[in-house]
Amino acid sequence: MCDMVIDAKGVYYKELNKRIRDAILRGKKTIDLININGQRYIADGINSGTVININGVPGQDLAAFMNGPTVIVNSNAQDGVGNTMNNGKVIIHGMAGDVLGYGMRGGKLHILGDVGYRVGIHMKSYKDQVPVIIVGGKAGDFFGEYMAGGVLILLNLNKDDPRPAVGDYFGTGMHGGAIYVRGVVDKHKLGAEVNIREIEEDDERILEECLKEYCDDLKLDYEDIMSAKFTKYIPVSRRPYGNLYAY
Amino acid sequence: MGFAAKGINRYPGKDISGCGLTGFISRKGERVSGEVIARSICNMNDRGNGLGAGFAAYGIYPDYKDLYAFHIMYDNNKALKETEEYIKKHLIVEHQEKMPTRHTKNITSHPIVRRYFARPKPDSEDLELSGIDKVREDDFIVHLVMHINSMIDSAYVFSSGKDMGAFKGVGLPGDIADFFSIEEYSGYLWTAHNRFPTNTPGWWGGAHPFTLLDWSIVHNGEISSYGINMRYLEMFGYKCTLLTDTEVVAYLLDLLIRRHRLSYKVASMVIAAPFWKDIARMNGNEKKMLTALRMVYGGGLLNGPFAIIFAHTRGMVGLNDRIKLRPLIVATKGDFVYMASEESAIREICPAPERVWAPKAGEPVIAELYKDNPHADKSA
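As they're listed, the protein sequences go chains A and B.
Under our numbering, the first residue of the first sequence carries the number 1, and numbering increases by one thereafter.
Under our numbering, the first residue of the second sequence carries the number 1001, and numbering increases by one thereafter.
Hints may be right or wrong, so weigh each one.
Claimed, not checked - The calculated DSS-like cross-link candidates involving lysine-lysine, where the alpha carbons are at most 25 Å apart (straight line), are: (1) K14(A) / K1105(B); (2) K1288(B) / K189(A); (3) K9(A) / K1333(B); (4) K189(A) / K1277(B); (5) K1360(B) / K189(A); (6) K1287(B) / K189(A); (7) K159(A) / K1360(B); (8) K187(A) / K1277(B); (9) K1089(B) / K1239(B); (10) K187(A) / K1287(B); (11) K232(A) / K124(A).
Claimed, not checked - Stretch-level coverage of chain A by chain B, calculated; a stretch enters the list once three of its residues show a Cβ under 8 Å from a Cβ in chain B: (12) 37-43; (13) 93-100.
If you are wondering where the hints come from, they were derived from the structure by calculation, not from laboratory data.
Note that beta-carbon positions come from the ideal geometry of N, C-alpha and C, so glycine has one too.
Starting from the given sequences, assemble the full structure and let the hints guide the process.
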């Protein structure tokens, strides 16, 4: 059910985003965008709980500074999704590009497929503001670099794709939060600031809560996902560079 | 413009940019109107700022396909006269004409643009005198291009390959497409660029693509190693005159692939070489080869963020820097291969690709004409 359809064919992003904001102001709860192709800044900085369905590939910086809406992308997304996002959820039924969830401080990003480089860089959390990124496919280099808080989950579900689950410099400079990987990351890929841990009871609870919602959103089988072993990656120190310039 | 004083590189350096690039090839060699590539690059208008755009096209001059097609820009008539005298002294010009251009709203001033279809004079003394050890026809053309760019004031060669050409200038992609009537040309391979120059000037000669012979390159990023690369290339007779870093990539490819006969894959391993820490983890011949390449071609390593598409008569190659500091997406449909900064630029002209992926950092994506295509066996 949707309250409103906006046809974005040939519509420049400024005009499109104005129409979306106008619709929200007029009280529309669910908005379908059709014929999207590359329009930037969709749902950026929006505070309401609106549901925005995107048909087509949205442009850079989708859901940046977003603070409430649920955005459903029925295709791939490009770079910079969820930049400094504060609340709400983005569900992507395809791949996402580089710099996903940069500096994210709340809300959820649920991606079905692969993601690019620099995912979850400098995510952070405060009290009940805990951002969560879940990736169904594989990820590139710098996954969780300088991570300061929140939860990053990498599932590597595509068994037919022989490439490794994640690239180099995994968690380099990490000093908060937790990364969960379905499988094990080769030691040489880990940043010096990351330790590998077995999954414990608290972790199981976090995984269950996060992944049940993820499976619901993307119509995946929870038991199937949980049938493989997970590993956890946490920072060695909360302040890895504290003494860098001290001597 | 004319501010580019010959022999003095006033902007010895760099070009940080958020540029956009796109390209496609029909591997069967089917020729497609330039209208298609123009639509693709215009989808990414916001990656540029109106200070440069351009197109490279292959297969556009079937009537002159065995002649070198020179696209040349001049800032004034003196440069035109001097260059034409120089060209005619060294080449047989079979046909020459004004480049067909249109008046467009946003392009209020532009240089003189001409094209020439020419071949070297047989048994020319110039071939001997050109100062190149082992003279080949294409080396002679390179020598000519370097001479015009570095010695003739206010004249710059846009392109110099056979059955291909570069169309570029200052404007947004749509302006440049209109100005050159890009939709009138049909090619089996097209690339396009949308420029956002930040610390080198936006001028007609500095727009992408950069070309030499049939090499063309469009680039998003910044070649931090420009100084090292430029000095390395100077040892082989290449002169960097176009005030921007991307030029070195075109000359590097010419050196590595045409003159040193490296494969595209190996040339990519030179310009985006694996880190020493990764080479240390390799074994046997792979380790030996990559160690040797880094040692022999240290001056050819490109440092800094980049996504490039380089094209030539037989195909095109997309490549990222080693830690993927600029985006590149690849898609296929039938015999067509597409590469672009953003997926939307591909979907604009191919709404339902069969496969879409983001290549790994430093790993080239090579798309070539099918082997039975008459263009496919031509040397670069």
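Okay, the hints, checked on the actual structure:
Between K14(A) and K1105(B) the CA atoms are separated by roughly 23 Å; this keeps the pair inside 25 Å, and the hint holds. A threshold of 25 Å between alpha carbons decides the hint, and for K1288(B) with K189(A) the separation of about 23 Å falls inside it, so the pair holds. Of the pairs offered as hints, the one joining K9(A) and K1333(B) holds, with about 22 Å between alpha carbons and a cut-off of 25 Å not exceeded. Between the alpha carbons of K189(A) and K1277(B) the distance comes to roughly 11 Å, so the proposed pair stays at or under 25 Å and holds.
Taken as a hint, the K1360(B) and K189(A) pair is honoured in the structure, with Cα atoms around 15 Å apart against an allowance of 25 Å. At most 25 Å may separate the alpha-carbon atoms for a hinted pair to count; K1287(B) and K189(A) meet this at roughly 19 Å. A C-alpha spacing of about 19 Å is found between K159(A) and K1360(B), which places the hinted pair at or below 25 Å, so the restraint holds. For a cut-off of 25 Å, the pair hint linking K187(A) to K1277(B) stands: about 14 Å separates their Cα positions.
Pair hint K1089(B) plus K1239(B) holds up; C-alpha atoms about 22 Å apart against a cutoff of 25 Å. With a C-alpha separation of about 21 Å, the suggested pair K187(A) and K1287(B) falls inside the 25 Å cut-off, and the hint holds. A threshold of 25 Å between alpha carbons decides the hint, and for K232(A) with K124(A) the separation of about 17 Å falls inside it, so the pair holds. Only residues whose beta carbon comes within less than 8 Å of a beta carbon in chain B count, and the stretch 37-43 of chain A has 3; three or more means the coverage holds.
Look at the stretch 93-100 of chain A against chain B: 3 of its residues bring a Cβ nearer than 8 Å to a Cβ of that chain, three or more, so the hint holds.
The structure agrees with every numbered hint stated previously.
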